[in-house]
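Enquirer: Residue numbers (this note's numbering), protein chains in the order written: chain A, 273 to 720; chain B, 273 to 720; chain C, 273 to 720; chain D, 273 to 720.
Keep in mind that the hints were calculated from the coordinates and are not lab data.
Treat each hint with caution, since some may be false.
No copy is singled out in the list; a pair is fine if it fits within one copy or between any two copies.
[Unchecked claim] The list that follows gives simulated cross-link-like pairs (lysine-lysine, DSSO-like), each with its CA atoms no further than 30 Å apart: (1) K541 <-> K658; (2) K599 <-> K658; (3) K373 <-> K416; (4) K658 <-> K416; (5) K658 <-> K373; (6) K541 <-> K373; (7) K599 <-> K416; (8) K599 <-> K373; (9) K416 <-> K541.
Number of protein chains: 4
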Amino acid sequence: MSRLWDKGLPLDELVHRFTVGDDPVTDLALVPFDCAASAAHARMLEEAGLLPAGDGARIARALAGLRVQALAGEFTITAAQEDGHTAIEEALTLELGETGKRVHLARSRNDQVITAMRLYLRDAVFALAAATAPLAASFVREAKAHADVPMPGYTHLRRGMPSTGGLWLTAFAEGLTEELAALAALDDRFDRSPLGSAAGFGVPLPIRRERVAELLGFARVQQAVVDVQNSRGRYELALASWASGVLNLLEKFLWDLSLYTTDEFGFIKLPLAFTTGSSIMPQKRNPDVVELARARCREMRGLRSQIEQIATGLPSNYHRDFQLLKKPTMQVVRVTLDVLDVTRRVLDGLEWNEAALAAACTDEIYSAHEAYRLAGQGMAFRDAYKVVGGALIAGTFAPDRAALTASHIGGAADLGLEATEAELAALDQRFATRRAAFDAALENVFGV
Amino acid sequence: MSRLWDKGLPLDELVHRFTVGDDPVTDLALVPFDCAASAAHARMLEEAGLLPAGDGARIARALAGLRVQALAGEFTITAAQEDGHTAIEEALTLELGETGKRVHLARSRNDQVITAMRLYLRDAVFALAAATAPLAASFVREAKAHADVPMPGYTHLRRGMPSTGGLWLTAFAEGLTEELAALAALDDRFDRSPLGSAAGFGVPLPIRRERVAELLGFARVQQAVVDVQNSRGRYELALASWASGVLNLLEKFLWDLSLYTTDEFGFIKLPLAFTTGSSIMPQKRNPDVVELARARCREMRGLRSQIEQIATGLPSNYHRDFQLLKKPTMQVVRVTLDVLDVTRRVLDGLEWNEAALAAACTDEIYSAHEAYRLAGQGMAFRDAYKVVGGALIAGTFAPDRAALTASHIGGAADLGLEATEAELAALDQRFATRRAAFDAALENVFGV
Amino acid sequence: MSRLWDKGLPLDELVHRFTVGDDPVTDLALVPFDCAASAAHARMLEEAGLLPAGDGARIARALAGLRVQALAGEFTITAAQEDGHTAIEEALTLELGETGKRVHLARSRNDQVITAMRLYLRDAVFALAAATAPLAASFVREAKAHADVPMPGYTHLRRGMPSTGGLWLTAFAEGLTEELAALAALDDRFDRSPLGSAAGFGVPLPIRRERVAELLGFARVQQAVVDVQNSRGRYELALASWASGVLNLLEKFLWDLSLYTTDEFGFIKLPLAFTTGSSIMPQKRNPDVVELARARCREMRGLRSQIEQIATGLPSNYHRDFQLLKKPTMQVVRVTLDVLDVTRRVLDGLEWNEAALAAACTDEIYSAHEAYRLAGQGMAFRDAYKVVGGALIAGTFAPDRAALTASHIGGAADLGLEATEAELAALDQRFATRRAAFDAALENVFGV
Amino acid sequence: MSRLWDKGLPLDELVHRFTVGDDPVTDLALVPFDCAASAAHARMLEEAGLLPAGDGARIARALAGLRVQALAGEFTITAAQEDGHTAIEEALTLELGETGKRVHLARSRNDQVITAMRLYLRDAVFALAAATAPLAASFVREAKAHADVPMPGYTHLRRGMPSTGGLWLTAFAEGLTEELAALAALDDRFDRSPLGSAAGFGVPLPIRRERVAELLGFARVQQAVVDVQNSRGRYELALASWASGVLNLLEKFLWDLSLYTTDEFGFIKLPLAFTTGSSIMPQKRNPDVVELARARCREMRGLRSQIEQIATGLPSNYHRDFQLLKKPTMQVVRVTLDVLDVTRRVLDGLEWNEAALAAACTDEIYSAHEAYRLAGQGMAFRDAYKVVGGALIAGTFAPDRAALTASHIGGAADLGLEATEAELAALDQRFATRRAAFDAALENVFGV
């Protein structure tokens, strides 16, 4: 057994390490949001007469400074501090003395953590929207550019029907737009302020939960104080479900690329920058980026499972178990942003082998369409099927390809991308407006 | 090895059993929807001149009859027919001869199946909404009725704060209302017609996809034909994610009940009808229904995993793999409806032991509130904490309970249930309107 | 909302349906095992003087008859009886009067259920072993038969190296043999008798747990009575983990088949009996059986998740939640047996297109091997790599294919199948012996 | 949207970050094993005449030095090097010039990585065994020490039967011993050398795979070269399945502790070092360590899912997707070791409240035992049940507790711990022997 595994840690050290976990790292991402939430809380306390006049503003100003530090990557959390909330409190106290400690009046660590996380999640939603929309737009653009490139349409992974590059890519343009609309619903869902619920049972002081909500740019208050603690992990899981939905969609595109770039299919070449050579096979270029992106799609389902496991299985109210939610949630955001970004860049650089695509569109794949056409002219479909089948066997099948293009909405001759573009633009606008309001609230909450 | 396991099936029998799977059973639930979709398709074909005048109407009328049979439980699918779609086609042909076969013009089995499933999912959404809303309403009613029943508030499963029956139950009223709003977003998402996408590449005939969408009560067309096949499992998974979200919420309530009805807590008694005696322990009443409902919540997460597994991991377009989606999807709907129903009945019949609850609300649980109160009067929280701690040790701690009630929104003195009731009513109205329109479309689509 | 969803069931009917669940169906598979376990218990009771002389034997004889009925499919469980255990008890009492009821002395429903399930699991292990071994043997046979069929070796799904049909198929022969050895370890693990643990705390009567273990063919007693209840779901999950491991392995083979039988690869043709035609595309044969088998592999991971969810998350001892374990466990066994059987039949019937395989083995795929060969003669690998690269570019690369065959163990020239065959034979023998002993115990336990 | 999210990375930087991933961190744990495997490979090459005389030994000596560095935490992997294998190669070349590069002859990155990982897994198995055995031993010791402490036995989380501290703890002693035996089976399974399989198709050079296996302490060669790549993730998943099985077991103990230490149960007190105070509730001690350990049990199931997702769903042979397996695998080992260690320390320090336990053992819980006793004397169980039930109602039930102790194996009076101790000792011995051989091989492989 190797010396890799430490043994016999002193008890206090073991307990410290076990309870602190990854907080000093994960909390760095929460500090800017905690600063904002704490500032809103301090200002409300002052307004409600729960802090001496001027103290709320003073605390908020100090928090503004800490937030700037955190965003610049200059804020640190020591292992002794254990988490970001303590680190902020210590920094505040260092700067303001007793006043710094007063920020913790009328709240508890519980609603403090969940508010910082809620703001983090809202911010992540905006970042994800800002990465999804351009990818959808790229699919629209590429679908138009390849609208007339013939391509076999596969069913059961066998060539079955005539299709086009446009039909293929439109699927992802429309699918991603649908996901973006689903993200807008999530955005609405997350838009409720948990602050003021304290440890899950409120506080017997005249705080104004509506006011902190307003200061932080929330549209509403998550009223039920027990539900606030019961919602630990709920929004993290909802975001992970959304993320895995998007990656389930992209997984298909990445799998398609993995196949279409093989020697055997040969429809598409990956941009050189996205492939790697082999250290031992001089003739090879490997699609590592596509494979890793595909693997991230599966990994995402595992991360979602992890969040689901941690979030569920417990009675109501707070349990320390929930601390473990932070790390996989942040992985979810990071990985999804990366895959969205990478996929867009890959898509933008694909090299199409139109000759290979054309060669793969043999007459056979028009047979069902031709039978449909004959049936559309009144022949019983069974007869049409036989006529085509006979011609195929006799080698006389020569479909009129132009006549066999689907002209209905969504067909090769009418991709319907204008509707998708319009929907995308509206969603983009919606997110831009809400994001601006959110950003403004987080800038202005400090009152400086 | 027991004789339970068949061995050495003839090849064709094995392949038949393996490919048919559970379709003859699961498809029974799809037949009414397939009849409606087929009727819309037939009427559109006639309107578009793709069927002889009158044939569309004739087919639709025959389908109306089959739907009535199916709803009455009198439609059967034989193993030889393999699935419901074939069974319908055979019944149609039996009744109408060649005309019956024409309904399959300009579509494929692929868009036929997915349309029936889409309608099934929409119907399930309405059924789930109709089961969720009354449960939320029951929580509202019970929260009001127990607004003033004192109850310890737990953190880390230890008594920490004063709480009330109202606070506890409001959490579920509000949480379920949030879920109902999320279901409305799903309802919008599912409201797009896949019909006319054929095998995923459209058909070269002048069909009108907008028309069948309209006849079936869809607000829009799922345009991208490749996306239709790529969405196999997507909506099933979305519904399962929603269902497991709701059950994650109820799991907490059921776990609470499991604890609160123990000898040790003793806060609540289950209605006798929901307990079972022990065959060997004369003194016992066991909470089997609560335990089974709780287990269903975990099972749901497993069913969701199953759907996720089947739906993912494949390149674009249709693969036979997707056939396995139907069974777990139907289990999801069945189980969720049952748990919603059972939980509501349990909730309605709870017997509260107010004496035990009051006894559990010892002075200690008011200590943080009292420290807050002192701090709110200007004492440093650290000092207030010490004052209270000292009084606890000295045995002189006697909190003024009335003064320690949280009066902010969401606190014990202001549960904020009017807002929840208003939101519930609006959602209920929304679902009722849309359900009525959906039901009407499925009645009227036959044109009879 | 359709009339599919029942509403407003009377309370007692709802509770009955909810608590009975699928037991009347699932328990049919447990009845033969419950009969055996009950017979062992009755005989032990008589031996221990806890039943009047002769009663144990009389009960055992009656149970032998019920078991014959059950194996013949003639035993029924009514909804009113709720489960198989009650059905057996009622049948016994009908036949033997008061004596029939005495079989329940000194045990509880808890250890009765878990013993029946344990025997079911042991039987399933033997059935799975009996399906795995011939599949492994088929892979051995086919690997030998195609040892010299050239085939490109893929990495990153790109042709990279020379390989053979033998190398490909040997992987599954060896992998399955490894899984069979893992199954033997499970067999040992399951080989412990839970009977006599009662409701998890034993019974204050002089029962002899070692004796019922012996009568039922168990090697040992699962001693810790609390552990017996804590192990609810443990063995089910262990079996599901094993099953999903085997199907993870076969998934690769099925995916390979899905690719190798495409138009683009064209290496292999599926036997006609395993493909289906298309209702609309006359030119197509679809690999439905392969796709469904592949989907079952993914479904299995979902079934395992379901079992895991139900089995975990609870404190010690019995909870009614565990009732839900039976159904997915039986699905696991059924599905795994089917996939093992189907895969073997597909494998046995594959038609190899040796010309296509040879054509795909272009000179390029020998480049790394050639560089290795040069490096093995003392040239620096970097130089060898350049020499080969240069020859590839110049079009002068002409590898000596015969010289490039790997001759080490596991290489194309030495598949090492004798060792695998020997291991398989030993495992087969091991399972045959133990299965015979198990079968004999279950025959003889009735003492008739 | 906050400035947290980087945007617009240059393409090469993005691709570099995306493909390198966490390798520079995760690979640090693999370096010592890669050094050993490379040394074995170099020595074999020299013996086979594939390296000049002396070069193998020289390379091995240099690798010995690198391993010492790595174990001392002084080896670094730069982002530019991308992974540990390159870092080792560069260090070797720096020290030995061209000779350093020769170590890569006749193998590929593929078998190099999988061999390092296999050795890591074997080492982890030994570390896990060394943490599991003492925990099992602690349970044995505590079970003996509390063999006579009365405790209610729960079913359905309700008091049902008399039990003891001994019965409770014996469950975990026996359960863990069973898991340790399962780990021994895994140890055997992992004991096969993949080295020499190259990229999955062998090498055309006279390497001796048996020899490197022997040098590295492997009992056998994983022969099938395609199976080696197909086994990517297989052993990682097997280990994660084992780990989650162990934590499923401990989850019950931790849940029990969470309940038994509540105010309501009050059976046990946690050692102070394992609780934390509340920042706002002076009266509270929270069981954070127990809750976090319980959460880790659920997290483990999520980590397992993540590994399963990454490892599955692909055709045969190597895909870059597998790179993502390393990180969650290392998390599995780390988390499991921590939970085993923490649980043991918690167990060792539990403070039992025997008065509370005795008070909870009311006469009622003896009712089934008493009925059994009467039935054992010949009274029909139904009558006995009625007699006891009547006495309970009449308040005259006074069971003879001493007479109601289960004396069969596994009952309160005969815990059977000697057998468990003997099995534990044998397993401990087995692991110690094999671990010593493994450690010796990894020390001696460098030949210095």
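Enquirer: Each hint should be assessed against the structure and marked as holding or not.
Expert: Now the hints, each set against the structure:
{"no.": "1", "hint": "K541 <-> K658", "result": "between (39 Å within a copy, 24 Å between copies)"}
{"no.": "2", "hint": "K599 <-> K658", "result": "neither (61 Å within a copy, 35 Å between copies)"}
{"no.": "3", "hint": "K373 <-> K416", "result": "neither (60 Å within a copy, 37 Å between copies)"}
{"no.": "4", "hint": "K658 <-> K416", "result": "neither (36 Å within a copy, 43 Å between copies)"}
{"no.": "5", "hint": "K658 <-> K373", "result": "between (85 Å within a copy, 15 Å between copies)"}
{"no.": "6", "hint": "K541 <-> K373", "result": "neither (61 Å within a copy, 33 Å between copies)"}
{"no.": "7", "hint": "K599 <-> K416", "result": "neither (40 Å within a copy, 39 Å between copies)"}
{"no.": "8", "hint": "K599 <-> K373", "result": "within (28 Å within a copy, 40 Å between copies)"}
{"no.": "9", "hint": "K416 <-> K541", "result": "within (19 Å within a copy, 37 Å between copies)"}
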